[in-house]
Structure formats: structure tokens, C-alpha cells
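> My request is simple: use the sequences and hints to build the entire structure.
4 protein chains.
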Amino acid sequence: MCATSRSRPTPRTATPGKPGCAVVTAGPGTTDAITGVANAFRAESPFLLIGGQGALSQHKMGSLQDLPHVDMMQPITKFAATVPHTERIADMVSMAFRECFNGAPGPSFLEIPRDVLDAQVDLKKARIPAAGQYRASTRSLGDPDDIQRLADILVKSERPCVLLGTQVWTCRASDAAREFVRTLNIPAYMNGAGRGTLPPGDPHHFNRTRRYAFDKADVIVIVGTPFDFRMGYGKRLSSSATVVQIDLDYRTVGKNRDISLGIVGDVGRILKAVTDAATGRTDNGAKKREAWLEELRAGEKAGGEKLAAMFHSNSKPINPYRVAWEINEFLTEDTIYIGDGGDVVTITAQAVQPRQPGHWMDPGPLGTLGVGVPFAMAAKYVHPEKEVLCYFGDGAFSLTGWDFETCVRFNLPFLGVIGNNSAMNQIRYGQIAKYGANRGDVGNKLGDVPYSKFAEMLGGYGEEVYEPDQIRPALERGREAVKSGKPALINIWVDPNVYAPGTMNQTMYK
Amino acid sequence: MCATSRSRPTPRTATPGKPGCAVVTAGPGTTDAITGVANAFRAESPFLLIGGQGALSQHKMGSLQDLPHVDMMQPITKFAATVPHTERIADMVSMAFRECFNGAPGPSFLEIPRDVLDAQVDLKKARIPAAGQYRASTRSLGDPDDIQRLADILVKSERPCVLLGTQVWTCRASDAAREFVRTLNIPAYMNGAGRGTLPPGDPHHFNRTRRYAFDKADVIVIVGTPFDFRMGYGKRLSSSATVVQIDLDYRTVGKNRDISLGIVGDVGRILKAVTDAATGRTDNGAKKREAWLEELRAGEKAGGEKLAAMFHSNSKPINPYRVAWEINEFLTEDTIYIGDGGDVVTITAQAVQPRQPGHWMDPGPLGTLGVGVPFAMAAKYVHPEKEVLCYFGDGAFSLTGWDFETCVRFNLPFLGVIGNNSAMNQIRYGQIAKYGANRGDVGNKLGDVPYSKFAEMLGGYGEEVYEPDQIRPALERGREAVKSGKPALINIWVDPNVYAPGTMNQTMYK
Amino acid sequence: MCATSRSRPTPRTATPGKPGCAVVTAGPGTTDAITGVANAFRAESPFLLIGGQGALSQHKMGSLQDLPHVDMMQPITKFAATVPHTERIADMVSMAFRECFNGAPGPSFLEIPRDVLDAQVDLKKARIPAAGQYRASTRSLGDPDDIQRLADILVKSERPCVLLGTQVWTCRASDAAREFVRTLNIPAYMNGAGRGTLPPGDPHHFNRTRRYAFDKADVIVIVGTPFDFRMGYGKRLSSSATVVQIDLDYRTVGKNRDISLGIVGDVGRILKAVTDAATGRTDNGAKKREAWLEELRAGEKAGGEKLAAMFHSNSKPINPYRVAWEINEFLTEDTIYIGDGGDVVTITAQAVQPRQPGHWMDPGPLGTLGVGVPFAMAAKYVHPEKEVLCYFGDGAFSLTGWDFETCVRFNLPFLGVIGNNSAMNQIRYGQIAKYGANRGDVGNKLGDVPYSKFAEMLGGYGEEVYEPDQIRPALERGREAVKSGKPALINIWVDPNVYAPGTMNQTMYK
Amino acid sequence: MCATSRSRPTPRTATPGKPGCAVVTAGPGTTDAITGVANAFRAESPFLLIGGQGALSQHKMGSLQDLPHVDMMQPITKFAATVPHTERIADMVSMAFRECFNGAPGPSFLEIPRDVLDAQVDLKKARIPAAGQYRASTRSLGDPDDIQRLADILVKSERPCVLLGTQVWTCRASDAAREFVRTLNIPAYMNGAGRGTLPPGDPHHFNRTRRYAFDKADVIVIVGTPFDFRMGYGKRLSSSATVVQIDLDYRTVGKNRDISLGIVGDVGRILKAVTDAATGRTDNGAKKREAWLEELRAGEKAGGEKLAAMFHSNSKPINPYRVAWEINEFLTEDTIYIGDGGDVVTITAQAVQPRQPGHWMDPGPLGTLGVGVPFAMAAKYVHPEKEVLCYFGDGAFSLTGWDFETCVRFNLPFLGVIGNNSAMNQIRYGQIAKYGANRGDVGNKLGDVPYSKFAEMLGGYGEEVYEPDQIRPALERGREAVKSGKPALINIWVDPNVYAPGTMNQTMYK
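Sequences listed follow chains F, R, W and Z, in order.
Just so it is clear: in the first sequence, position 340 is 1089 by the numbering used here, and no numbers are missing.
Just so it is clear: in the second sequence, position 78 is 827 by the numbering used here, and no numbers are missing.
Just so it is clear: in the third sequence, position 332 is 1081 by the numbering used here, and no numbers are missing.
Just so it is clear: in the fourth sequence, position 224 is 973 by the numbering used here, and no numbers are missing.
Heads up, some of the hints might be wrong.
Same chains, same label: a pair holds when it works inside one copy or across any pair of copies.
What the hints assert, rightly or not - Subject to a maximum C-alpha distance of 30 Å in a straight line, what follows is the list of computed DSS-like cross-link-like pairs (lysine-lysine): (1) K1259 x K873; (2) K1065 x K767; (3) K1050 x K1037; (4) K1135 x K1194; (5) K1183 x K1021; (6) K809 x K874; (7) K1202 x K1232; (8) K1183 x K873; (9) K1021 x K1036; (10) K965 x K873; (11) K1183 x K965.
No wet-lab data here; the hints were simulated from the structure.
Just so we're clear, the structure is a prediction, and the values are computed from it rather than from any experiment.
Right under this line is the structure:
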């Protein structure tokens, strides 16, 4: 998918266990791909990057675009190697893919020198691994005794909650997760690619009371997401709660925070087994947890009401909360939502609720601006039948925006929406807070760009939006354009003085 | 255990899941430990090395013994890091141990700068992980569906065999392995630390027919050992056999050779589950495999007879096969046997059969000469009640022999036996073969050293042996000395013109 | 200069010994800068990149945008380190700059963790190096005996030639180089940033007879450029010639090819000293070399005539040789010419001759497409009084083109010219040759983009050119727009079936 | 020299510019050599280590003794690479040697895979660099203007001093240094391999007043030694003095401390040029500095008197100062003195004064215990006509002592002296100071070993010494034994409660 792309390569897979792959040239081709690899590394995406290299016979001689790619990639991949012989190409590709699936998935890198790529060898001498025979299943149950232990813990619990993280999607565990929360009657929060596991409106779907729940729960089950900065390194969980962690990766379990119980394996298989183990009992405790759920539902309602004024704001310049709300209203059951940016996009996390699992994509723990166009490209390529809507900050769009042209060329129409505040606003807030108004704007203001013209130049559809009540109609027209085969850009001018709450608290650094 | 040791650090653990730990000073203290770390890396031993470092405040300034230890250790550890804050010491120790147990175990490294080590902090600010709460169980079952698949394969099999590798010991899976081979009536071969899982004489214990079995079997189950050079990278297994691989490490399964089925998890738990799954059936096929076992037993007998002449040889200089045979005869149920060397020790692999699991230690896939004294030290420290016999080549002994003094000082008596051919003979053979007799001896001959005097100098017991019929009496006297609390060295002069068969075939390079 | 830039950071310095500097955020901010660092590494540009990093107190905990930057940068920098204490910031900046100037210049990298950046310390405790006191002069003469040796060699030589490479500019050695070739009457070829050392028309300026000269010369002096792929690794020099290499970097001298004499030091100081040493003699041999120069001048003339037809071609689509010729005619004494691209730009190397040293910039040995906009930005920033003309391939422009907006915002107008063949044509040629016409176009064709509209969208000037005779008028209008303060883009549609000769010979891989 | 050696490899060269070389096997052969490489890295010794490696065709497959050697060596070498083609072996050896001599010398590493080593190629295709044609001279003068500047500074100076460091020997600059101090009448201190540049008793030889001189001088010239921990990072020099630094390495000049002037190049060539530049003047100021020298000479005398009591001590156990004094008295003009150890050897730095340059060797900035036997071996091999005396701490000797056997085998007799306090005493002092008497002895006491018997066992000469007045006679007998061809070990039992002053101040950590 990355042919002639200016973006960083991006894995996007339709099926669990199917990794992405990109091939790039040596030197700048490979270094331009590093951000994509690093993003996959932090986001736990299985992905093989194959890079070119000068001829092995010219090793260390200064060949064209020669760089020590493998040395650079090793720190951010699960495996990085040079293929030293033509006979080994297929074998080492299998090796690289295998390593992608060890524990939490991630990227691998192979460099194939020019002479290794060009040589011809006897096929009989080469190892050609057969599909399905070069690696084991990833669907591990972990330690069966721990399944029983967790069932015991949950059955006795009165105020449990569960956080469904990215690996719920990685493992295609949505059904298992839904069965788990429904059977055991446990309130569920979602983050990362786990969003959409339960649809908005589902009685076990919670999203505005997470902090309260983590503070009051007696049992907290963390599924498939690490105690990293997004979780305050685990510090925000009640210290008296029984904390259980379920993860694909052994290295993640117990990291940064003590746990009462950890289980390593496929999170879907584990949730299913726990559900089964609890269901077999005379009473799984579902009923006694109803009061706890009602308590949280009341909190959810109160939280939603607080935001309503901003969601419906008619102020000008347009309040970015209004855009967030409009987008959520606009989503269909089948829209894949992609957020790419800082503050304007972060605000949508309070409003946008994908209707299905696998229909939310964001910059992830690396905070990689510029993921939008390549994510949109990949999503549309894998799911041509779906609508893909990508909401960009203006700073983010211009990082990889030229691949809008690639979308035109490869017939991959998507609906781009830009929340344009002519600034890198998340940085701007912190900078003002730290260094004062005088130095606060240095290096974070951007020009006022009518991005709709960019789309038009490339044969797409474009529109500028200045009025709150024009948001919806413009989105509708963009949708029609996309349906007709044209990618579209709706450039919405928003208020640069409205910030996301996390930005104002600088939560991400605590 | 490594205080004032001249040896490389060595993990030796009495219980599965308990890693070794060594603390060394910065600079040469750490670099002298690298071979030990590398050995643990290839041998899959869980082991934390903690090294000193110059003050963080003097970073890159040229402090005493400053070296970039972490950069050097990263390629041969599962985790290597600097501890940057005193508050993080306990946390990062837990992190390093956790990483040791991810997949196949291995070493980790932490470097603690001088000022970080010396500073005092508020304990409340430091994270102090609780034992048992910083990591998950390692006793994974893998994918339960594959347990059923393997049971199906085995029940139908007529000519199966199993290779029990090092991880059978790592996982303390000896009971499970014995039950597996007995219940299903499968001939078992053992290698690495898997030796001794079945005692010599057991009806399912095989060791001279492995090549035949791998060629004729319909199902081959490889347990806990990779397809590395010791297995000819998997090339020596029948291409028509159903090959099953069970391993702690996802990255090992399917590597270098296609497999029919791979299962990743605790090898003991998996073998037990497969036994259970097969036993539940009306017929597990045990009886129909009897002819196959008889066929192999006949081969074993023939193989043993071939070697008998050398085992009983009375030639002078002493034939190293005679020494190997004498040592095997001399072992008790409770002797931990350690081999440290090249050819003279390799020869013992044809004769020495430990009576219990965990009673065989060797240089492993790194081929690390000099492991003997530190292994003996560690084995005796952990098992003071057992006899530890270490058989050295003379080249190997002199690499780390000074720690014989450490054994005296820490009261860790063991029985050292040297097969002394005054050469690095394994290298010598290959060199002669490759470069001719003239250059064949360059750089591989050693002096004629009466090592018994070394033992005596340090307060141990020593003896020189020149006659075949003096081997046993000398060993007996050594045993008595050890019982009295003195380490002993029996220096046996052997024929430098007898080589191990693998050496003559250069199998290790194919 | 890189604030809010989407480009890779780019050093551009007005004075020798003054390095560039860029500051970027952690994670993707740093990884997006890697291509720029790698380019500086291969191009020998002194340059300090400072990257952010998560708090040291959160080391290895998964903080926002945490990546092992230093590990990734080490392979492509002269120095890369974390600053571990606030007291050390100034000191380590001085250390990083010092390392930039060790031998051939290059990039350094420092990462400053968030808490190190934010802490306040007693200034007295911090080391604050004084300007000029933290490093030595770079103006080394090398071994004085070798200066004499080279003077001897040259005075005796009858058919010498000299290649003036990039370091002639790095060392600001243009005057010394001119004096050298004029005093000793030696024909000079130039490459890289050495172009322009002698102006076109100068009697010692040669550029179409290099291969002939390297084949026939008795003495070849290579100044400040390595025997890398651009020099056929030194293989294309006559094997009977006396080859002399002068370079800033010890590691470059004698690399890939034997030399008769090597001198390491400041190339200007060395050329001056050699001129002086030769001048002091009764006869420096200048006159006897006149026949050799005439021989080469005849070759130059013949070479120029061969190209004339293409330079004046009126064919449609426009022949890229015509564009190259028009650009050269259009250059003023004060135009800094930048080439950014593959084939269309490579073709200009046959036509464009900068009038002054330091007025030619190209992608360098890393072959980094996309250097154009950031190079133009930097050149205009440092030399606001000069005209900056950048000629892009269309593939190259779209890699970093969004920074055209940065040029508008920071008032850095330049004249951009695009040679648009809607393809990555250099790759395309090789691909067709290797894999046939069917697969030859896969992944290297681009859309037909009217780039003039991009300029207009951002407030710049734009124009499309389809006719050969419209090139000059369009360039003139672009020049006027730039003078009025607007950056401009002239999008010239060129014939995709004309290739550079090196592309057709695949010289870069030999 | 390292064939069948148990020591770490050690460079020892008779001629400047001639590097050492060692060849070791893969895996533990290479990792056991790492301490030697690291020592050469910190000690600025040019040295190529060539390691084996598994076949390139088995890359990443787990071949025998396969380790990522290059990755491990890169952080501690100037250059580390795999040779990927047989045709490149000679070329890459030349590349590795060239890199050894870039700036301050240091080690390089090449790994040659088994199949690359064994393949046969057409010699015409291989690049075989000619001796003397693959690299430039290292005898750089630096910036000639700075030579004049330094001459000006010195001529005006009234209270100058110079420190002659290791590079005075590296550059074989002893004559130039002597001429410099004598012509300009400057007091000289020496450290590292610079010791012996001036013989004891020379009017410009100073060694007990360095701290005073650094405090009172108006000009301090540091020659060929970095501002590392041994120099208190430059903090101990008067802040009002003009500080000049002369060094082979650009990266060292101005590091850790501001300088008034820095010159990079061959220190001998530079000192000679400065002497010439100063001598040409009517008055080089030599006379006016006489008072300053007298002031220092008085200090030297007082310093010597303070130590006399300990030097002549008759106490029992023997005072290690007495041993130090006896050794100094015992040295001939032609004795190469090697110190290997902690405290007992550090004490000799106060007494032992080599009579010639190049006749002092010590563990260097890495503080590498165990250098003694390999240094002695190398020194004797290169200078068979000289006496080699190595003084060991007992802890140090036992690290590499087995190579005493190698000395016997290769006929390299040397006189070993052990200052035996049965402890790692330097560590012991700090440990007692920091953790109290109870924990002060943990892990640093050694057994009481009669090392003379070790020598005897291996065919050498040995003697135990308990009485102060027996030191000299025993040394004499050892000398005779060595003359007869036997290596000797004189084991002197010394008082474990006498420490070096630096140890008591913990100077090395400040």
C-alpha cells in the first residue's frame, strides 16, 4: 500500500494474526519509514518493513544510500536483521513474521542488500517455509489455574470494573468481552482500539466515570493495555482494590504497579474461559452488582450533562466540542473513525463513540501526529465497503497530507475533516503555561490554510466551514463526494482558545 | 556466590522460576562477566547481573572504569538498562527479573551509577514491588486446541519418538515427561539439561539410536530444545515425519525447519495435559508401538557393544573413552556431573548417564569452556548434600581454575577430574584436517601441567594418574577427600590422539 | 528554523565551523528528524539535533512519546547521548558540538529528559563552557613533511588534475583552491559543494572531460571527497597515476583504493601550503603542463557540442535537458541553486554551473529526495539578500512540500521550479530494465498534479508550463514574484521518456 | 601472542604506529577478549581483534558459538564490522587498522564468518592494500598559528609547568619532550606511559609537588592525557592559570574543562615545533623561571622526606611502602616495570621511577586488574633483551595467572613479584568506610595462597618472603632464575592495614 507514498508505512489488518508489510528503498526510504515503525512498536502492531541496502560486496564502502539500517531499527523492533544470502530470503521473512507475534505484536525489519536481492539460486537449496508451518498459534490460555483464581475473585466481587484495551481488538476478542461483561454484569470501560467493543447505549458501556470507578471498585480487571502514561502508570487505581491484569505480553504484566493476579495469553481466550468458569457456578454474583452499576450510570448521566453546553455551542469561531459532537452524530454503524492530531482530536475522545469494534483508530502511545492519511488509506484498502472518516488537526494533516494524492491515484476515497485552529495547540497551551504569553506562541502557530483547495487541486472534493450550523451539511456533501469516488476535505475553522482537559492538566506527563 | 571470584558468573537455581543474581563492579568487573551472561543467553538461564557504573553526574566524562555497559549487554540479554534514580532501584530490579522469564528464560542486566547507589530517598516515594505481585505465572498451557491435536497425532502414531531437551529441566517437568513416555509408550531421547529425566536402564530411555529414530519415526516430538546446530538445524529429521515442537519460547517454534504442530508454553504442563487428553481415550495406542521400541532397543544394544572395547581399553597413554566409562561407573544416584571442555568431555557424552534430572551440566550451545569451576561452586552451594563431580579438559580448567581457591575459602568441596592431553584437542583435530600436520599444532598445544599440585597449594587434595587401572582408586580417594571437606583434583593423563566422533565429522559446523 | 516544520531538519551555515542546530520534541518529533540527521551524516554537515524525552524518573515505564532515541541515533551520528543532569546541559551541548567537528564534520544528538529540562540548578554548580574555550582549531596542516612531498610530486608532474570536492566549501578553501590551480596550472574538476569554486569560463574550470583526465593523468589529486560510489570507489582512476588524497578525515584517506600520498587536515590550509612550497622553487612546472590543458579543453568543447541539440530541443513534451539549459542561462551571479530529485535534477548536473562557491546544493551521497524545501528555507534564512532557486522533481517536491507554507509564514521567498514527469523516473528506468515493461511502472508512477495551485493556495505565486519557449518567461515572472516577497512554484511538464545517462548505465550501483 | 592464552589480549608495540593484533575464536573466545579490548579503548592502544563467527549462511540460526559480536564490540571500539565476502578480507583489515589510528589510537574489531574464512577467491578480484598506501601519516602538526601562540604564552610565562602524559610515549615524543622542558626550563610531571620520559634525578623531573604546581602555576601545559577522573576532570588546576592542552584527539581537547588554547596533533611534532618557535627568539625566558623551579625542588625534597620512614620500615607484616622502595632500588636502566593491582601497586606509584620512557605499564583508566601477566608476556616478546618485572596484588595475579604457563611454554621469562595481603584491599577500605567494619570485609578477603608453589608447579622459580630484609635477596635470586630462562614469582606477604593515600581519600570518585 505504500508505493510512492510520502507517508510513513502503516499496518492495518483485517484479520488477527495477519501482519502488515511494506517495502521501501535504502537510505532515506528506510529512515522516512522509521516513524511508522516506531508507532507500530508502541502501538503493538504486527508489521514487517523490508528495506533495501547497498550490495553486501560494498559493505562499509560508502555505497549509494548506505546506512546502518539494522542498527537503527533494532531498538524499535522485535527483530531486525540483514539477509546475507539469497537462499535465506524466504526463511528470514518467516523468521521476521514469527517474531512479530511473540507476546504483544510489533514490527520487524529486514534489510536485503542489492546483490542478495538480485542473485539467482537453486530453489532446492533455499528454505521456503510453508504457510502455517513456521510458527505456533498465538491463542494461548496462559496458566489454567489462574483462570479459576480470577473466576473466584470476580464471583465474590461486589464492585468490579473492567478496562477493555487495544488487545481486545488485536485478539478479535469483542464477542468474548461482551459475553464476559454481560454474563458477570460488570461495567466496562474501553480505550485505544478497544473502543467500540460495546456500542454506545449498551447497558455495560461506560465512559465518563472511569476515574470514579477506579477509585471505588473492589476489583479492577485491566485487559490488554499497559500501565503506561495513559494509565498514570497504574497510580490512579485504588490501592485497596484487587487488581488483575490480562495481557498478551509477559513483560507488561506487573510492570509499573503491583498486581494481585496476572494472566498472560490471548485476551479473548482468557475472557471466554473465565466467563465459562464463573458461569458453571450456582451464582456468579451478577445480580448483587446491580447497585454498583446504577451508581455508575448516574455518574455517566451527570458527566454527559456537563458537556452538553459545549457540544451544542453556537459560538464563533466554532467551538471544537461542537465539531466533536457533530461528528459523533454523523457516524454510521459502518464508519471507521480515525483521529489524527493533538487537542482538537483529543476533544473528540469525549464525544465520539464508534459503533463497532475496530472502528476507532488514533495516534496511540507514541502520540504520532500524521497517522491520519496513511491510516485512512489502509482502512479503505482493507475495507472498501466501509466509510472512512478521518478527523485531523491542521498541524497533523500537513505532515503527511500529500498522500491525499495517493488516495486519488489508488481510488481510495475517504472523508477528511480538518479542525483548523492554525496552531499546534496542545503544545501551545503547555508552552504558555510554562514560559508565559510572550514565549508561549513561539514555534507553534501555523498559517491559515484553506485546505479545501488542496483537495480540489488533486481532484478531490473540498469545502471551507466557518459556521456551526454548516458543519453537518458540509459533512453530508463530503459523504456524497466520497460515495462518488472522490476523497474529500472539509476544513472547519475552530476556536484556538478552547483546549482539551488533559492538556490543561498536563496529565500526560504525570 | 561470585564475591572475589575470577570466574564468570553462573546462574544455578534449585527451583524453577528462581533466577540467579550476581553483582560486579564497573568496567572490567562487568566485562569479565560478559562471557557468563552470554552463556546464560544461549543456555536460556534466568539471571540478573548488576554492574556498577561511574556517577551519573559524571556521565561521558571519563570516570574510573566507565564503559557503556548497557550498550554492550543489550545484544546478549533480554533486558539491559541503567537505573537513573535511587527511587527506581527496586522497581527496575523487578523489571529485570520479569524480563528474565519472558518466553525462554535468559539474563538481564542493570547498571547502577555510583551516585544513584549512594543517594538516600524517602521509601514512600520508591516503588517496592511485592514478591509475587510483579509478574505473572510462567506455567502457560498454550493453545488448548493444540493439546487435543497432539493427543490425536500421538494416539494414531505407530513409530513416535520424543526428544526431551533442556526446558524439561527448566520447567521441572521430569515427572510429567516420565508419565508421558510411559503412558503413551514412546521412546525418549534426552539432551542438554534434559539428561537424567529417565534414568539409565529405564525401558523408555534411549541414547544410541537417535539418528535412526529420527530417520524412521512417523511422529517426532521435540520438547524444549531449538533446531540449532546441535540438531543440524532440523535437517536431520525425516522429511515425511509429523514433527511437533513444544517450547517455552514462541520465537523458537518453527524456526529453521517447518513443523506440523507447535505448542508454546510450560513444557511440563503441556506434556501432562497431552497425557491426560490421550489417556481419556479408549486406546492410546501404547501397545501397538511395542515393536518399534523393540527395534530401537536392539539398536541400542548394538551401539553399546561397539563402544565396549574402548570403554575397557587398557592402552597407555590412557584412552579417554576408558576415563569416560570409569566416571560413569563411579557416579552415585546423587552425583551432579559437570563436563567442562572440548573433546575429552564430549567423549563422556557417549558414556556418562546421570541418574537423575538436574544432575548433568555442560558448556551448552555457546560451547563455553571454563564453566566447570563456577558450575561446581554454584551446584555445591545450592546442594551442599550432594556430590559434585566435574570433569575438565586441561585447557578448560586453566581458564577459570583459580576459583578452586574460592571453593576452599567458601567451603564448597567438589571432586575435579582432569582429562589431560596437553592440548586444545577439538580445535587441533580440525586444524590438522584443514591446514595439514605442519600448521595443525600451532596455537593449540599446552604445557604438561601436574594439576594435582595446584590443588595441594590451595589446601585441596590432588593426585596424578597415568595407569588405566589407577583411575578408579584415585577417584575413590578424591571422593574421600571431598567428604572430609577438601576440594580435590585428579589429573588423568590421556591419549591426545583419540578424538570424539563429532570432532572427526566436524558435525558442529554442518 | 525548524519550528513547526514538516521537513527534516537541515544544517546550513554561513561560516565554516558554525554548526546548525534544531530542537524537536520526543518520539515522532525525533524520528521524523532522522532522515535529516542521516543526510548530514553522509553529507559531512556539522549539526546538533536536540530531542525531547520522557522524564528520567519515568525511564522504561512507557511515558508519552518515549523511544530509545539515543540508541537509534548512535549509528548515524558522531556523538549521541542523554543529558542526565540539569547541571550538565551546557557542558554536554559543548561536548556534542565538539564532536561535530572531529575529522569530517557530522551530526550529533542530545536527548534532554523532561525533568532534566525543567529542573532549576545553582548556576555555579553547572559547567558553562566559554565560547572558543571548549574546543581546538580545526585548521590543521597535517604532516608538514607531506606538504613538501606533494609539492615535489606536482612540480614534476606533466599531466596532473585535481578534483575539488565538498570539503573545499566546508573549509571555505575556495581562494586557496583557485590560487593552487592557477599557480600550478592544473585542470580542476569540481563536485558536490565544491562546484562553483571556479566559475564557468575560467581557464582551469573543467567538467566534461573528467573520465578522460582520470584515465590519462600522471598525477591525480583528490581534495575533500571520498572514494565512494560517486567515484566508483576509486576504481575509475588510472592505475598508473600517482594518486594523492587530501581530506579532513583520517578515516577517508586510503579507503577503498590505495593512494601514493595522503594528507589529513584542513584542505584550504593544505592547498595554500602546497602552493607556497611549490612557488618557492625556481620552476613550478606550470608552463610544461599547457599542452595537457589544451588537450582537455578540446575535449570539453567536443563534449559541450554533443549536448547542444538536447539543450536547445523544442520537442513536446518538454525535454528535461532544455529545462536544465534554461535554468543555467537564468542563474545570476548570486543565485543559490538547489537540486532536489532524481533524474530530472541529475540531468541539470550536465548543464547548471553555479557562478560562485557555496551556490550549489544537492541531495548528496544519501540521495535524499525532499531536501529542496528545507534547503531553500535555510539558504534564504542565512542569505536573505540572495536569490534561491530550487529545482525539484515532482516526487521530491511532494515529500516535504508542505513547508512551502513555512516559507510563506517566515517570509522566506524562493523560486521553486518543478520538472514534472509524473513519476519516480530514476527508479522507473531501472525497474523497466530489470523486470520488463509490465512490472516496470509498478509503484513509481505519480498523479498529474498542477503544483502551481498549491503555491497559490498558500499565498505564493504559481504557473504551469507546457511549452519550451514559455520556460524563460515563466521563470522571469517567478523571479518578480519572489522579489515581491512571495515564494513561487513554476511547474514544468517534462518528457518522462528522457533519462539521465547515469541512470541508463546504473552507474550508481557499480 | 595470544595463542592458547587465558589472558585478555594485549597490545604491546615496539614502534609508534604499529598496532597489536590478536585472533580469537567465536563466542566465548571473543567475549573473553572483551576486557582486553575495553582496556585498549580507555588506554588509547591501537589494536585489532579478529574474531571467528558462525557461517554467514547460518546467520541468526543458532550456530555454534554464535553471538552478535559486532553489536557488543561497537561501543568499545573505533570500528567494528563483519567481513561479508572473502574478497574483502584484506581490504577490511586495512580499514580496521586505519580506524585504529584516527585521533587517539584505539581498538578495532573484525568478525570473519566461517564460510567467508574458508572460501577461495580469485586474488585479482580481492582488494589487497599495499603497506603504507592505505592510510595517511599520523604525524600532524595541527594548526601552525597555534604553535606560535603557545610559544608566545610560554616565553612570557614565569611559573609554567607541564604534564607529560601517555601520548608522549604513544607518539615516541620523549626526545622532543626532554628538549622542550630543558630548552624552556619548565618543570615536568609525568603520568601513565609518560613516566620515564625524564629519568629520576633529572633537574626537570618532578613528582611530589604536582598539586602545588597546579595550584600556583601561571601556565599549565597538559600533554597527551585527558581531563578524566585521574585529573579530577580538570577541576584541580588553578582557575587563574593559562591552561593549554595538546592531544592526539580532537574530542579530548576542551573536554570537561575550559582551556585557553588547544592543539590537536602528534604531541612530539608539536612540542618540537613549539621549542623551535620559542628558541628562535632573543630570550625564551628560561632563566627567569629558575626561582620557580627551586621553589618546587624544595617541595620535592620535603615530600620525599615525609615518605622515608615508611620506605625504610622494618615492621612485620611487611609494610607495602617498603616493598615499593625495594623494587625501585632494584630496577636497572633496562627493567620494564609493570604494576598490576589495586592498593599495593598504587603505593608503588609513590616510589617507583622508571629509568626510561616506555618502561612503565599500569592498568590505565579502566583500572583493569589482571593486566600483569599478559603485559609481561607481550613486553618480553617484543623486548627479549630487557628485564621485565611485574608487581602484582594477589587479587590481580589470580585473575590471569594461568598464563604464567604460557610464559614457560613460549620461553618468555619475567620476574613476578606479588604483594600479598590476602584481600582486594582498595575495595575493602572503601567498603569499611561506607558500611562499617561488620560489612566491610564481605566479599573482598582472599585466601592465603603460597604463590611460589604455583611457579614451581609450572617449571618456574618461586619464593615466599616474610621478612623485610629478605625482599632484596629474594629479588636477586628471582633475577638469576629469570636470566637462566625461568619465569619467577616472589610472593611477599604485606600488611593488609596499610592503604594508599588516594584510597583513603577516595580521590578516584571525585
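> Now tell me, hint by hint, if it's right for this structure.
Going down the list of hints, with the structure as the test:
1. K1259 x K873: Classified as between; 17 Å across copies, 57 Å inside a copy.
2. K1065 x K767: neither (46 Å within a copy, 48 Å between copies)
3. K1050 x K1037: within (22 Å within a copy, 69 Å between copies)
4. K1135 x K1194: Only across copies: K1135 and K1194 sit 27 Å apart there, 35 Å inside one copy, limit 30 Å.
5. K1183 x K1021: Classified as neither; 48 Å inside a copy, 53 Å across copies.
6. K809 x K874: Answer is both: 28 Å inside a copy and 17 Å across each meet the 30 Å cutoff.
7. K1202 x K1232: This pair counts as both: shortest intra-copy Cα distance 20 Å, inter-copy 25 Å.
8. K1183 x K873: For K1183 and K873, only the inter-copy Cα distance (24 Å) is at most 30 Å; the intra-copy one is 65 Å.
9. K1021 x K1036: within (20 Å within a copy, 38 Å between copies)
10. K965 x K873: Cα proximity of K965 and K873: across copies only (23 Å, versus 64 Å in one copy).
11. K1183 x K965: neither (34 Å within a copy, 46 Å between copies)
Violated hints, in rising order: 2, 5 and 11; the structure is consistent with all others.
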